[in-house]
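Read off the chains here:
Protein chains: 2
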Amino acid sequence: MAELPFQSLPGFRDFTPRDCAIRNYLFETWRTVARRCGYCEYETPMLEDTGLYLKKSGGELSGQLFRFQDQGGRDVTLRPEVTASLARIAAQHQRDFPKPLKWFEIGQCFRYEKPQKGRGREFYQFNVDILGEAGPAADAELIAMAIETMLALGFSSDDFMVRISDRQAWLGFAKTHGITDEQVPEFLSIIDKLEREKPDILAAKLAAFSLTVDQVRGFIANPPADASPASAAILADLGARGYGDFVKLDLSIIRGLAYYTGVVFEVFDARQSMRAVAGGGRYDTLVATISDGATDLPATGFAMGDYVIRNLIEETAHAAMEMETWLQRNSRSCEVFVVVADESKRDDALRLVTTLRRAGISTDLSLNRAKVAKQFQSAERARARFALVVGQEYPELKLKTLSSRAEESGPADTATDWLTQRLQAPDGPLLA
Amino acid sequence: MAELPFQSLPGFRDFTPRDCAIRNYLFETWRTVARRCGYCEYETPMLEDTGLYLKKSGGELSGQLFRFQDQGGRDVTLRPEVTASLARIAAQHQRDFPKPLKWFEIGQCFRYEKPQKGRGREFYQFNVDILGEAGPAADAELIAMAIETMLALGFSSDDFMVRISDRQAWLGFAKTHGITDEQVPEFLSIIDKLEREKPDILAAKLAAFSLTVDQVRGFIANPPADASPASAAILADLGARGYGDFVKLDLSIIRGLAYYTGVVFEVFDARQSMRAVAGGGRYDTLVATISDGATDLPATGFAMGDYVIRNLIEETAHAAMEMETWLQRNSRSCEVFVVVADESKRDDALRLVTTLRRAGISTDLSLNRAKVAKQFQSAERARARFALVVGQEYPELKLKTLSSRAEESGPADTATDWLTQRLQAPDGPLLA
Numbered sequence: 001m002a003e004l005p006f007q008s009l010p011g012f013r014d015f016t017p018r019d020c021a022i023r024n025y026l027f028e029t030w031r032t033v034a035r036r037c038g039y040c041e042y043e044t045p046m047l048e049d050t051g052l053y054l055k056k057s058g059g060e061l062s063g064q065l066f067r068f069q070d071q072g073g074r075d076v077t078l079r080p081e082v083t084a085s086l087a088r089i090a091a092q093h094q095r096d097f098p099k100p101l102k103w104f105e106i107g108q109c110f111r112y113e114k115p116q117k118g119r120g121r122e123f124y125q126f127n128v129d130i131l132g133e134a135g136p137a138a139d140a141e142l143i144a145m146a147i148e149t150m151l152a153l154g155f156s157s158d159d160f161m162v163r164i165s166d167r168q169a170w171l172g173f174a175k176t177h178g179i180t181d182e183q184v185p186e187f188l189s190i191i192d193k194l195e196r197e198k199p200d201i202l203a204a205k206l207a208a209f210s211l212t213v214d215q216v217r218g219f220i221a222n223p224p225a226d227a228s229p230a231s232a233a234i235l236a237d238l239g240a241r242g243y244g245d246f247v248k249l250d251l252s253i254i255r256g257l258a259y260y261t262g263v264v265f266e267v268f269d270a271r272q273s274m275r276a277v278a279g280g281g282r283y284d285t286l287v288a289t290i291s292d293g294a295t296d297l298p299a300t301g302f303a304m305g306d307y308v309i310r311n312l313i314e315e316t317a318h319a320a321m322e323m324e325t326w327l328q329r330n331s332r333s334c335e336v337f338v339v340v341a342d343e344s345k346r347d348d349a350l351r352l353v354t355t356l357r358r359a360g361i362s363t364d365l366s367l368n369r370a371k372v373a374k375q376f377q378s379a380e381r382a383r384a385r386f387a388l389v390v391g392q393e394y395p396e397l398k399l400k401t402l403s404s405r406a407e408e409s410g411p412a413d414t415a416t417d418w419l420t421q422r423l424q425a426p427d428g429p430l431l432a
Numbered sequence: 433m434a435e436l437p438f439q440s441l442p443g444f445r446d447f448t449p450r451d452c453a454i455r456n457y458l459f460e461t462w463r464t465v466a467r468r469c470g471y472c473e474y475e476t477p478m479l480e481d482t483g484l485y486l487k488k489s490g491g492e493l494s495g496q497l498f499r500f501q502d503q504g505g506r507d508v509t510l511r512p513e514v515t516a517s518l519a520r521i522a523a524q525h526q527r528d529f530p531k532p533l534k535w536f537e538i539g540q541c542f543r544y545e546k547p548q549k550g551r552g553r554e555f556y557q558f559n560v561d562i563l564g565e566a567g568p569a570a571d572a573e574l575i576a577m578a579i580e581t582m583l584a585l586g587f588s589s590d591d592f593m594v595r596i597s598d599r600q601a602w603l604g605f606a607k608t609h610g611i612t613d614e615q616v617p618e619f620l621s622i623i624d625k626l627e628r629e630k631p632d633i634l635a636a637k638l639a640a641f642s643l644t645v646d647q648v649r650g651f652i653a654n655p656p657a658d659a660s661p662a663s664a665a666i667l668a669d670l671g672a673r674g675y676g677d678f679v680k681l682d683l684s685i686i687r688g689l690a691y692y693t694g695v696v697f698e699v700f701d702a703r704q705s706m707r708a709v710a711g712g713g714r715y716d717t718l719v720a721t722i723s724d725g726a727t728d729l730p731a732t733g734f735a736m737g738d739y740v741i742r743n744l745i746e747e748t749a750h751a752a753m754e755m756e757t758w759l760q761r762n763s764r765s766c767e768v769f770v771v772v773a774d775e776s777k778r779d780d781a782l783r784l785v786t787t788l789r790r791a792g793i794s795t796d797l798s799l800n801r802a803k804v805a806k807q808f809q810s811a812e813r814a815r816a817r818f819a820l821v822v823g824q825e826y827p828e829l830k831l832k833t834l835s836s837r838a839e840e841s842g843p844a845d846t847a848t849d850w851l852t853q854r855l856q857a858p859d860g861p862l863l864a
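Going line by line, the protein sequences match chains D and X.
Counting along the first sequence from 1, when you hit position 370 you're at 370 in this note's numbering, and nothing is skipped either side.
Counting along the second sequence from 1, when you hit position 277 you're at 709 in this note's numbering, and nothing is skipped either side.
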């Protein structure tokens with residue numbers, strides 16, 4: 001086919017039905033698990049005042065923004081993330097809700113990055129946050145939710161691991177080693193690249209802080225017992241909940257520098273062959289920052305994007321099979337395909353379609369006067385379970401199970417009843 | 433409270449949990465009806481090449497675009513509608529699907545308009561289209577779907593009406609009265625404003641075409657029998673389907689000029705007190721236009737926004753009640769609230785929470801060591817149905833029905849089983 005004049009923009013996806021169904025599988029699983037764990041859904045605007053994002057992240061994302069002036073001259077940005085808006089909304093509305101707020105959101109975010117495997121310029125994100133509870137029980141509750149999400153997607157403890165770290169542990173380390181508050185961001189960015197930096201450069205960078213690589217590695221490998229009381233409490237809580245096999249302390253996890261204040265965590269595939277599947281942590285000062293101190297609300301949250309998790313599902317046989325089962329069940333375009341075998345009965349067929357649909361039965365028919373064989377072909381292509389034939393025997397209807405070719409029959413005036421029964425039964429003749 | 437430093441942009445909404453639940457009620461109803469009628473879901477990018485929209489609409493929307501240059505210097509626009517992208521995607525992928533394509537989409541669109549009741553700068557839209565079928569049966573199938581959507585939202589034939597018109601009828605009228613093809617858009621825009629224009633101005637405008645207001649009104653009131661064979665066929669089809677009470681021919685309906693080619697329709701509240709609730713029609717040339725002729729696919733579709741329909745629901749008692757029932761059922765933040773009455777049993781309570789959630793039971797608990805009365809208060813606020821008390825009697829659990837205060841008890845090791853039963857039963861003691 002010749003090049004078409006319009007394509008989707010680089011890094012933006014078209015979701016034709018199968019891709020949309022996979023997206024919906026993620027959405028449904030995310031939503032189901034969130035509700036099961038007591039979270040309420042909210043949504044934020046796609047477009048916000050650019051200042052909101054700059055204030056939150058201190059410019060960390062500023063090179064990746066879809067930022068522009070709207071027709072009213074406002075400096076606006078397509079949301080690169082949701083937490084800044086959440087903080088804005090929480091500051092404004094928190095009095096209307098009992099604490100803690102356990103809220104989740106599912107929606108698209110936009111970052112101008114180089115498109116590559118596991119990353120586009122738009123992506124869907126599942127955001128889960130607990131606001132108004134400062135204790136480690138909230139972090140444990142949140143991490144439990146992240147684990148339940150992975151389990152609901154068909155993963156087991158062999159497939160993934162949650163690595164927990166603590167910004168406070170590193171602040172303590174920094175203090176002990178005479179690193180000033182101003183130097184901390186630079187120091188943390190060195191730790192963040194510990195495994196990716198060339199050894200000599202790493203050593204030189206640490207030497208500037210009078211530190212050796214061994215000292216840092218030693219702290220990560222054997223942190224002092226009092227390095228992170230919060231993560232100890234969280235690990236104990238998660239152990240009691242039955243999640244001991246899924247979590248471990250790993251101080252090499254740093255995450256973005258701008259706004260985390262305490263425990264942070266990331267979910268990785270067991271082989272660590274991909275970017276983090278999900279990540280988050282405590283951000284106790286963000287609501288106050290965004291509201292200029294009007295509202296002070298401790299908070300912890302995590303996000304999971306749709307790119308990496310989809311890749312991990314597709315590369316993990318049992319998770320892929322679970323998704324495929326869901327897709328099979330949810331991607332029929334109808335359950336019952338009405339075949340008009342006698343055109344003089346078309347009006348009866350049309351009325352029957354209305355009746356079945358009104359009763360909640362997914363029903364379709366050919367929109368033109370096609371031959372019966374062609375209509376059966378359409379039924380197959382729609383992946384319908386049954387063909388319901390309206391022919392000269394009407395008001396007697398023939399029902400064909402398309403997988404087995406088994407044939408039954410039943411009266412039109414009670415079709416809703418016996419078809420509903422039939423659809424709930426496993427395949428095989430019912431009215432024979 | 434002092435003015436907060438950040439607000440949402442004018443015309444953009446924050447969806448706190450109740451508003452988000454109302455949005456989800458619309459989404460779920462739309463999705464359910466679409467699947468029931470044999471449509472598959474797709475999604476298009478939020479951002480597209482601006483040229484795509486300009487090509488589709490001939491500039492009709494160009495004053496309302498959120499249009500900007502991205503970091504790569506591309507002229508891009510936040511989608512003001514979805515049909516242009518659908519045409520682009522259909523042109524590219526239609527060979528992969530049996531015809532007709534019956535596709536639906538639910539998502540946000542953006543137009544820079546003056547925010548007012550029933551209109552914002554963002555809105556959700558439900559898009560339903562049939563591509564690849566030129567006959568009137570496709571239009572009837574589509575209009576049937578629009579009606580089913582209204583019925584599923586709790587409206588009856590007293591609440592709304594579908595008014596059907598036909599671009600071809602007006603082209604015929606224009607030809608009869610010597611109006612040239614070039615003049616047709618201007619002529620149609622006069623008809624479009626027939627009821628809103630001042631009588632003398634209207635008369636003057638029509639006089640320029642050697643027409644009187646009476647001639648035009650007469651054509652609308654008593655169109656010749658052959659004015660619109662397509663709408664006659666569609667009305668007959670809809671009558672056979674049982675929708676006769678919901679539809680009428682009304683040639684005063686014009687809709688946007690740019691791309692409709694045949695029958696168009698709008699859904700109005702019975703009192704016509706609001707803007708159209710939904711509207712659409714046939715656009716047989718759009719796919720060819722967007723693909724520079726590479727793909728030619730007849731098409732018909734409609735869209736329903738979330739603003740007007742929400743207003744109409746809230747102003748229609750029985751529809752509002754139906755929505756409220758759904759909201760009650762779906763806005764609990766949990767079903768079961770676990771109350772820790774003896775802190776020495778907290779670990780048992782945590783494990784119980786994990787077990788119940790894993791079994792699909794929506795469960796929550798207090799994240800700090802609150803007094804029992806306070807925990808019950810939290811349970812009430814979460815609108816839980818049951819409080820499950822873990823106290824010194826553990827592994828015996830107490831179950832309190834929060835509405836009736838009825839109390840039962842049961843063993844922890846089979847809690848999943850009896851709670852599942854209990855949740856499916858109407859309220860009242862089960863294990864007494």
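Hints may be right or wrong, so weigh each one.
[What the hints assert, rightly or not] Taking lysine-lysine and the DSS-like style, the derived pairs with C-alpha atoms no more than 27 Å apart in a straight line are:
| hint | chain 1 | residue 1 | chain 2 | residue 2 |
| --- | --- | --- | --- | --- |
| 1 | D | K99 | X | K637 |
| 2 | X | K625 | D | K374 |
| 3 | D | K175 | D | K193 |
| 4 | X | K607 | X | K637 |
[Claimed, not checked] Some but not every residue of chain X turned toward chain D, in silico, with C-beta under 10 Å:
| hint | residue |
| --- | --- |
| 5 | D528 |
| 6 | F529 |
| 7 | P661 |
| 8 | T787 |
Hints are computed from structural coordinates only; laboratory data are not their basis.
In this text, a Cβ means the ideal position worked out from N, Cα and C, and glycines have one as well.
Outcome of the hint check:
no.: 1; hint: K99/D <-> K637/X; verdict: violated (63 Å)
no.: 2; hint: K625/X <-> K374/D; verdict: violated (46 Å)
no.: 3; hint: K175/D <-> K193/D; verdict: holds (20 Å)
no.: 4; hint: K607/X <-> K637/X; verdict: holds (18 Å)
no.: 5; hint: D528; verdict: holds (7 Å)
no.: 6; hint: F529; verdict: holds (8 Å)
no.: 7; hint: P661; verdict: violated (16 Å)
no.: 8; hint: T787; verdict: holds (8 Å)
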